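Protein chains: 2
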Amino acid sequence: MKKRPISMLDVAAYSQVSHQTVSRVLNNHKNVSVKTRSKVLAAMKELGYAPNLAARALSNGKTTTIGVLSYNSILFGPASMLHAVQNAAREIGYTVTLATTKGVDESAISTGIRELVQSGVDGIILITPLTKGSQIKEDVLSGTPCVIVEGEGWKEMPSVNVDQFVGAQKAVEYLIALGHTVIAHISGPSTWYEASKRREGWKKALRNARLELGPLKYGDWSANSGYHAIRELIKESNATAVFVANDAMALGVLKALNELKVKVPKDISVVGFDDIPESEFLIPGLTTIRQDFNSVGNLALELLMDRIGKKKRDSFHIAIQPELIIRKSTSPIASMQQV
Amino acid sequence: MKKRPISMLDVAAYSQVSHQTVSRVLNNHKNVSVKTRSKVLAAMKELGYAPNLAARALSNGKTTTIGVLSYNSILFGPASMLHAVQNAAREIGYTVTLATTKGVDESAISTGIRELVQSGVDGIILITPLTKGSQIKEDVLSGTPCVIVEGEGWKEMPSVNVDQFVGAQKAVEYLIALGHTVIAHISGPSTWYEASKRREGWKKALRNARLELGPLKYGDWSANSGYHAIRELIKESNATAVFVANDAMALGVLKALNELKVKVPKDISVVGFDDIPESEFLIPGLTTIRQDFNSVGNLALELLMDRIGKKKRDSFHIAIQPELIIRKSTSPIASMQQV
DNA sequence: TTGGGTATTGTTATCGATAACAATTATCGA
DNA sequence: TCGATAATTGTTATCGATAACAATACCCAA
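As you go down the protein sequences, you meet chains A and B in turn. If you count the first sequence from 1, you need to add 99 to reach the numbering used here. If you count the second sequence from 1, you need to add 99 to reach the numbering used here.
Quick caveat, the hints were computed from the structure, so don't treat them as lab data. Here the structure is a predicted model, which is why all the values come from computation and not from measurement. Errors might be hidden in some of the hints.
When chains are identical, the list treats them as one kind, so a pair holds in a single copy or across two.
[Claimed, not checked] Think about it this way: if two alpha-carbon atoms lie no more than 20 Å apart in a straight line, the pair counts; the simulated SDA-like pairs of lysine to any residue are: (1) Lys365 with Ser137; (2) Lys409 with Arg103; (3) Lys269 with Ala111; (4) Lys134 with Lys302; (5) Lys236 with Gly147; (6) Lys144 with Ser241; (7) Lys427 with Ile382; (8) Lys365 with Arg426; (9) Lys303 with Ser158; (10) Lys144 with Ser218.
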């Protein structure tokens with residue numbers, strides 16, 4: 100019943116050539132005559148041959164597997180990028196191994212990387228919110244190529260990012276253009292790279308317009324934290340607009356404002372960040388910054404393959420431009436409407 | 100610079116034993132004296148030895164890798180289960196390989212399975228919406244153990260499911276208890292297993308209460324499809340409650356009703372299914388059926404490991420009970436309030 | 001003290017591929 | 001037609017682990 104699977108030797112015997120020739124056919128070597136090639140291919144098909152990846156990996160040191168390390172693959176962003184990477188990888192015959200970190204500190208990430216390296220992946224894509232301090236030491240990679248996505252890259256390590264800074268700036272500039280002068284910000288956790296970039300973008304836009312910094316609160320990316328942050332903001336300030344660091348928190352913001360009978364956008368304008376699928380259907384539809392996670396994933400894989408193939412690339416750090424999506428949660432400031 | 104990694108032979112030489120003894124220490128064989136064991140362990144640590152998984156796989160035919168095949172790992176449900184499986188797998192030293200299918204038809208799924216089998220996984224977890232017709236032929240698995248999650252299992256194939264039928268029934272019974280008599284349903288795509296189960300649960304609850312079937316519409320799980328479905332429903336019927344087959348579509352429903360100035364829950368009650376993180380923060384908070392995806396993932400892995408270890412299990416098909424979460428999108432029917 | 005069993009260690013074969021090199025056959029110009 | 005070179009095919013070694021079997025060392029009872 101349980102027969103040993105077909106090996107290269109079986110194919111070789113069946114097609115009357117050496118196993119090496121079979122190997123050459125398999126790997127598309129050029130110096131194989133059309134005749135033998137077709138003979139071997141026929142034999143492979145006939146016998147239902149499938150190469151043993153373990154044997155190949157042992158022999159040539161390559162696993163045709165890449166590892167993706169992610170912090171929380173349930174969130175929309177990471178999940179989308181993972182999906183994109185996986186699809187792109189499949190296209191080129193690579194397999195994806197998934198690993199998850201428990202936290203975002205350097206040691207948790209290092210552990211995750213070590214696991215992947217140990218499992219023998221040819222390259223790694225990091226979808227983790229690296230902060231400035233937590234640079235991965237080269238030695239944990241022990242030579243495995245690596246690309247950073249949506250986390251801070253540094254000189255030696257290639258990266259693909261949506262330009263968080265510019266995205267935040269666009270959001271706030273839009274609010275300014277609408278006439279708002281007191282623009283609050285609900286930021287993500289202070290240790291996260293994306294959070295700090297978006298915060299800086301907010302500051303920059305305000306400074307450029309010679310406006311004072313609005314009130315600032317911190318959340319943890321969750322709707323719940325947005326819900327509570329906005330309640331404090333409302334109590335403490337007279338902001339007419341909030342730039343919220345992600346859509347999930349913005350969701351909580353809209354909820355709280357609804358409960359407080361503060362009208363959006365009439366009384367206060369809200370802008371989010373991410374453009375999750377739900378954003379369009381919130382009440383009101385959420386104005387936000389769209390990140391093209393799909394492109395990020397695809398580019399990350401491209402970059403990684405270049406590195407694996409030892410190719411050099413000019414663009415070591417790729418930045419993708421985000422897009423402002425205008426919906427119904429923003430409007431000109433009330434005083435302007437009255438004019 | 101590029102030194103060959105430490106192999107078992109290096110450790111053997113360093114600790115003055117045969118490589119086989121090193122192997123025994125590595126695999127916790129019993130017949131190794133404490134003295135040699137500690138000597139070898141010290142050597143491994145000293146040299147920074149890490150076993151070569153490819154070599155091991157080639158030798159003993161096991162990869163300590165399981166494959167997860169998913170239709171769309173971006174959705175909340177699949178993503179959560181994937182996450183759970185991954186975490187549980189890591190705990191027991193297994194690696195997770197991810198594969199995605201393009202469609203939900205039998206051939207797409209078979210292709211995905213074939214890919215995983217070919218890559219050499221020890222077992223497979225299917226997070227795909229298998230429909231009744233699309234039974235996977237045994238031969239594509241070629242002996243690889245497999246567990247089905249959230250798809251229809253059949254006799255020979257073990258499965259873990261949230262009891263969709265009971266969940267739907269609970270939802271509709273709750274609406275009935277609130278006094279509703281015309282209860283519509285917005286279903287998922289007709290080919291999906293979950294969709295049909297939820298639809299049946301809806302019917303069953305109505306039949307049990309001797310009520311007529313309410314109007315029925317089909318969506319594609321997306322908020323957008325819910326948005327359009329409810330608009331038609333409102334036009335064509337006088338339903339006072341809708342049971343929507345998932346929260347994403349319910350999101351669209353709430354949006355449309357808001358635009359149409361139909362008050363929820365005063366004019367119409369809405370119940371969803373899934374309890375995605377956003378549900379609590381919708382306006383109004385969405386009454387829904389919570390599925391414990393985490394448990395599903397964990398149980399699926401347990402079942403799979405049993406099968407890999409050839410253990411037999413009494414419970415071949417595991418059903419998890421879902422939970423009704425009552426929020427603000429449901430209320431007693433208006434006429435009852437007037438009483 | 002010795003025989004027999006058990007506990008511990010070692011030796012050799014094996015998994016299924018690719019790498020490196022060797023051998024054979026074609027091909028072409030002088 | 002010959003020899004040189006290129007194209008094609010084959011042989012053997014190798015990757016790094018485990019399996020199967022062989023060989024010691026150790027222990028206890030007779």
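First find the shortest C-alpha distance between lysine 144 and serine 218 inside one copy, then the shortest across copies, and answer within, between, both or neither for a cut-off of 20 Å.
-> Between copies only: 18 Å across chains, 31 Å inside a chain, cut-off 20 Å.
Are the CA atoms of lysine 134 and lysine 302 at most 20 Å apart within a copy, between copies, both, or neither?
-> Answer is neither; intra-copy 69 Å and inter-copy 64 Å both fail.
Should lysine 409 paired with arginine 103 be assigned to within, between, both, or neither, using CA atoms and 20 Å as the limit?
-> between (37 Å within a copy, 19 Å between copies)
Taking 20 Å as the upper bound on the Cα-Cα distance, should lysine 236 and glycine 147 be classified as within, between, both, or neither?
-> Between copies, since 16 Å is at most 20 Å while 45 Å is not.
At 20 Å max between alpha carbons, let me know whether lysine 365 reaches arginine 426 within a copy, between copies, both or neither.
-> Result: close within a single copy only, 14 Å intra versus 27 Å inter.
First find the shortest C-alpha distance between lysine 303 and serine 158 inside one copy, then the shortest across copies, and answer within, between, both or neither for a cut-off of 20 Å.
-> Answer is neither; intra-copy 54 Å and inter-copy 59 Å both fail.
Tell me, please, which holds for lysine 144 and serine 241 at an alpha-carbon limit of 20 Å: within, between, both or neither?
-> For lysine 144 and serine 241, the Cα distance is within 20 Å only across copies (16 Å; inside one copy 39 Å).
How would you classify lysine 269 and alanine 111 at a CA-CA limit of 20 Å: within, between, both, or neither?
-> neither (63 Å within a copy, 61 Å between copies)
Is it within, between, both or neither when you check lysine 365 against serine 137 at 20 Å Cα-Cα?
-> Neither way: lysine 365 and serine 137 sit 72 Å apart in one copy and 72 Å across, limit 20 Å.
Within a copy, between copies, both or neither: where do lysine 427 and isoleucine 382 come within 20 Å Cα-Cα?
-> both (8 Å within a copy, 15 Å between copies)
Checked against the numbered hints above, the structure breaks hints 1, 3, 4, 9 and satisfies the rest.
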